[in-house]
Each structure stands twice: as C-alpha cells, then as structure tokens.
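Undergrad: Please put together the full structure from these sequences, using the hints given.
Quick mapping for you: the protein sequence lines, in order, are chains B and Y. This note's numbering numbers the first residue of the first sequence as 1 and each following residue consecutively. This note's numbering numbers the first residue of the second sequence as 1 and each following residue consecutively.
What follows is a list of derived Cβ distance ranges for each label pair: (1) Y:S80 - B:N56: 41 to 49 Å; (2) B:D10 - Y:D62: 26 to 34 Å; (3) Y:K57 - B:T53: 32 to 40 Å; (4) B:N30 - Y:S65: 24 to 32 Å; (5) Y:T26 - B:N109: 37 to 45 Å; (6) B:Y48 - Y:N28: 14 to 22 Å; (7) Y:V52 - B:N56: 29 to 37 Å; (8) B:T53 - Y:P8: 38 to 46 Å; (9) B:D10 - Y:N28: 37 to 45 Å; (10) Y:V52 - B:P110: 43 to 51 Å; (11) B:T53 - Y:S7: 35 to 43 Å; (12) B:Y69 - Y:G16: 44 to 52 Å; (13) B:Y48 - Y:K11: 26 to 34 Å.
In case anyone wonders, no lab produced these hints; they're calculated from the structure. No residue lacks a Cβ here, since even glycine has one placed at the ideal position from N, Cα and C.
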Amino acid sequence: GIQVEQSPPDLILQEGANSTLRCNFSDSVNNLQWFHQNPWGQLINLFYIPSGTKQNGRLSATTVATERYSLLYISSSQTTDSGVYFCAVLTQGGSEKLVFGKGTKLTVNP
Amino acid sequence: DAGITQSPRHKVTETGTPVTLRCHQTENHRYMYWYRQDPGHGLRLIHYSYGVKDTDKGEVSDGYSVSRSKTEDFLLTLESATSSQTSVYFCAIRGTAFAEAFFGQGTRLTVV
Numbered sequence: 001g002i003q004v005e006q007s008p009p010d011l012i013l014q015e016g017a018n019s020t021l022r023c024n025f026s027d028s029v030n031n032l033q034w035f036h037q038n039p040w041g042q043l044i045n046l047f048y049i050p051s052g053t054k055q056n057g058r059l060s061a062t063t064v065a066t067e068r069y070s071l072l073y074i075s076s077s078q079t080t081d082s083g084v085y086f087c088a089v090l091t092q093g094g095s096e097k098l099v100f101g102k103g104t105k106l107t108v109n110p
Numbered sequence: 001d002a003g004i005t006q007s008p009r010h011k012v013t014e015t016g017t018p019v020t021l022r023c024h025q026t027e028n029h030r031y032m033y034w035y036r037q038d039p040g041h042g043l044r045l046i047h048y049s050y051g052v053k054d055t056d057k058g059e060v061s062d063g064y065s066v067s068r069s070k071t072e073d074f075l076l077t078l079e080s081a082t083s084s085q086t087s088v089y090f091c092a093i094r095g096t097a098f099a100e101a102f103f104g105q106g107t108r109l110t111v112v
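TA: Below, the structure is given as structure tokens:
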C-alpha cells in the first residue's frame, strides 16, 4: 500500500520562529489533507490541498503532486500551535482509503 | 463543524467482553471510517464504508467488525475485547469522491 512519511518527527521552537513540515507519499493520490491535533486530542482540519498552494493566516501549504510531497509552513509560531500535525492522503484506484502519516509533534515554547 | 457524534466518549471494559462504538453523522455523507490512535503509530485505519452495507478492511482490522445498516450510523464492534485494543478510536466522514474528511471527537477505550 501507499507509504506516507512525515518529517521531522519532533520539532521544538521558540515563540515567533518559523517552521516547515514535510509530507512525502509513495504513490499518486487524489486528495491530501493537513490536520492539527491539539493537546485535547481534537483533530482540526487545516488544509485540503491535492495540489498547488493555499494560505490561511500564519499557515500555508504547498503540494507538488507530480513529485509526491507536500509542505506545511508555520510562520511566527505561537504556543497555541503546539500539538501534532498530520498529513493524510486519499489513495487512487478506487479503494477510497484515507492513509495517515505518523505525524510531526510540534512544541512551541514561550 | 461537521455533524459527527461518537459514543460513548469514554469506556472501561473487561477483557473478553463485547464492545460496540457508534459513529453517527447528520451530513448524509457516503464515506465513513474508523481509526485507532496509539503512541508512535499515528492514526491507523481499521475499517471503512463506502455506502450502506458496503464496507472494507483497513490495515488493522483483525479483532474488529463493522456494520452500516443506514447512512447515518457506522458501528465498530470488538467481539471479545483484549488489552491490545486499549486505544483512542476516531470516526471520520467524507462526502463525494475526493472530498475533505472530517473527524469526530474520539472515544477513549480502556480494556482491563
């Protein structure tokens, strides 16, 4: 099956720093999403981005489907950005499985 | 917020007992998914459904069964719970092909 790899697995920042999280996938996909899991365990939708670039405030994401990767940029990080960031891909070929990477755990210190 | 409700939110059960978790949606979405989340593993797919009575296995389906007799409900059953099934379980829904997925609040299950 498709492999989804996220890097780095852990990231520690000081408040105000910028960061880039990466998601690589091993096969063509129909859909790619980024989620933030907050410290209370809730999964929050950040971006639905099968290709191209999107921005939402301090966060932006870029997916290059032909090269099988996506990047999530966090600028001017805040302590509330802490948590785990997941990317998930929807496989092609009719199986309709939504497959997750193992996530990047982000800690933003004040 | 997407209309997804998971129940119960927390459950403690004994080894060997049957357990059923419920995912209820009010969005009339076609696709529904069950995941488990464990430290170091991220979210792993257990089973999913692409319509009423249409289900398929995910990567960690052993020990679990599912049923979907109507669009709005997707049930996950542990026939005989084991300690290895202690986990947080998430339900997700998705509308049409290529659509965005939304998650429920999760169910924390402890098997003692």
